[in-house]
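Read off the chains here:
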Amino acid sequence: MTTTVIGESFRPGELEVRSDGTGNLLGSKCRSCGAHFFPIRQACAGCLGQDLETVKFSTEGTLYTYTIVRQSTPAFEVPYALGYVDFPEGVRIMGQIVGVEFDEIAIGMPMTLVLEPFGKDEDGNALTGYRFRPAEADND
Amino acid sequence: MTDVHVVGVGMTRFGKHPDSDATDLGAAALLEAVADAGIDPRIIEAAYVGHVFQGMVTGQRILAQVGLAGLPLANVENACSSGATAIREASLAIRAGENDVVVAIGTEHLTTRFSGALTPDPSDPEAAVGATMPGVYAMRATRYMEEYGMTREQLALIPVKNKANAAANPLAHFRKEITVADVLESRPIADPLRLHDCSPITDGAAAVIVMSDTAAKKYANGRGVRLAASTLRSGSVDVEPTSMTYEPLTWATAKEAYEKSGIGPDEVDFAEVHDCFSIAEVLRVEGLGLFEQGSYPWAVERGEANIDGRLPINPSGGLLGKGHPLGGTGVAQVVELVRQLRGEAGDRQIEGVRVGLAHCRGGKAVGIEGAACTVQILIR
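Top to bottom, those sequences are chains A and B.
Oh and the first sequence: position 36 is 36 in our numbering, straight run, nothing missing.
Basically our numbering = 1-based index in the second sequence + 1000.
No lab work stands behind these hints: they were computed from the structure.
Be aware that a few hints might be false.
[Unchecked claim] With the C-beta cut set under 8 Å, the calculated list includes, among others, these residues of chain A facing chain B:
| no. | residue |
| --- | --- |
| 1 | 12 |
| 2 | 14 |
| 3 | 19 |
| 4 | 34 |
| 5 | 37 |
| 6 | 38 |
| 7 | 64 |
| 8 | 67 |
| 9 | 68 |
| 10 | 70 |
| 11 | 72 |
| 12 | 76 |
| 13 | 86 |
| 14 | 90 |
[Said to hold, decoys possible] What follows is a list of derived Cβ distance ranges for each label pair:
| no. | chain 1 | residue 1 | chain 2 | residue 2 | range |
| --- | --- | --- | --- | --- | --- |
| 15 | A | 49 | B | 1056 | 34 to 40 Å |
| 16 | A | 79 | B | 1146 | 49 to 55 Å |
| 17 | A | 42 | B | 1053 | 25 to 31 Å |
| 18 | B | 1352 | A | 32 | 54 to 60 Å |
| 19 | A | 22 | B | 1195 | 18 to 24 Å |
| 20 | A | 21 | B | 1116 | 31 to 37 Å |
| 21 | B | 1222 | A | 13 | 26 to 32 Å |
| 22 | B | 1185 | A | 103 | 17 to 23 Å |
| 23 | B | 1123 | A | 49 | 41 to 47 Å |
| 24 | A | 98 | B | 1123 | 20 to 26 Å |
| 25 | B | 1053 | A | 135 | 49 to 55 Å |
| 26 | A | 49 | B | 1293 | 46 to 52 Å |
| 27 | A | 62 | B | 1368 | 19 to 25 Å |
Quick reminder that beta carbons are idealized off the backbone N, C-alpha and C, glycines included.
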């Protein structure tokens, strides 16, 4: 699936956005013990090793839990769905959930990372952020 | 090593204070604690002052307002555990033998700093995608309901209980009892949580004066309550995703307090715990080992956590009923423990209590289970 990318990553240290419209959340992998972390760390919390590499996380995960936020800061238009997705590398990452009716969201749903417009920079240029969308069925 | 004794306590009314600020409130609480201890304020040797959004050197402003400037003083920020952390610092100064009389103050004028949902620091990656504190706890509630079968009505019994306790507390933000229907019909904040499931935006301050054995012998007149343990932990980094329905940080902090005080969870007579949201009370008391994991909603249904129950939880009204002025909260919990243990809690007095526990837990940062957690055990 391709996504129309309209701007730079909203947080380049956490989300890589490529010119072909694809992207990945970024984190650290410990070369000593194999543990993964989001966001990027300077040392491993498992073994305290400092030999970490920056890795791109999978774009498919499972919804651990969720809520519908109905009161937020002025930066976010309510209501929106928010959830934690567990990725196969062993990290749990929070993001907004789109592409599904609120009352159809369920714990355990397979989810896919999607890139979407997400706010503007200081000069008013549109930025690209990420959200989660229920994974498409296999035959799609 | 000396024990630590809480000898004087003071607390402002919690609520909206449009005509005063965090300094005024802190100073009023301090003066009341001094009067309660019956001491000359000049014997206070040091001060620790907890607050979150009040800016630089609020502690110095408070002491200047009551003429006590010049003391060693540290301002303490640890999110919702700021005031409790100030008490811990004060107790360490006593235990270390550095001081004999120290005051810990917690204050916050939150109505002028925040409205609506509290959020993590804007630099946090989760704040950047729309995390709010009610949202995070709502997600924990969603998961708890899925895992343990807790119903929305059961969860509503917690604000019903705490606001009934607050109605008996003249210093509480809310003084009106509510029903389950009131909770379920209140404005939705983050599903499944509604307005009555959330602690309010509150102004208020509290202060406690702690003393060494030597000073307590001289000044306490039998009114001292022993602070048998005051522990603090910060959350560890998740090496892999962990359950959001259990709190290893709360347990680690409590376990250390149980070991230091020689008191087991089965000996605790009552507790003030950090019920910033209804679901938070469930997670706290189970994390503290006071109730079995997955059992608390049913225990509340049976009345076990009521003031006349087996193990009263949040007799003051808790954060839900008494209010939650961030820096003031942890100190106010200890004020409640002292008043209960002295038998001075009026209409909300629990009969025959000897051991009280206070628990705070605050802050949110990406990738860690919780930011700052404290447990205090007081023994009469």
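For this structure, which hints from the list above don't hold up?
Hint check: 1, 3, 4, 16, 19, 21, 23, 25 and 26 fail, others pass.
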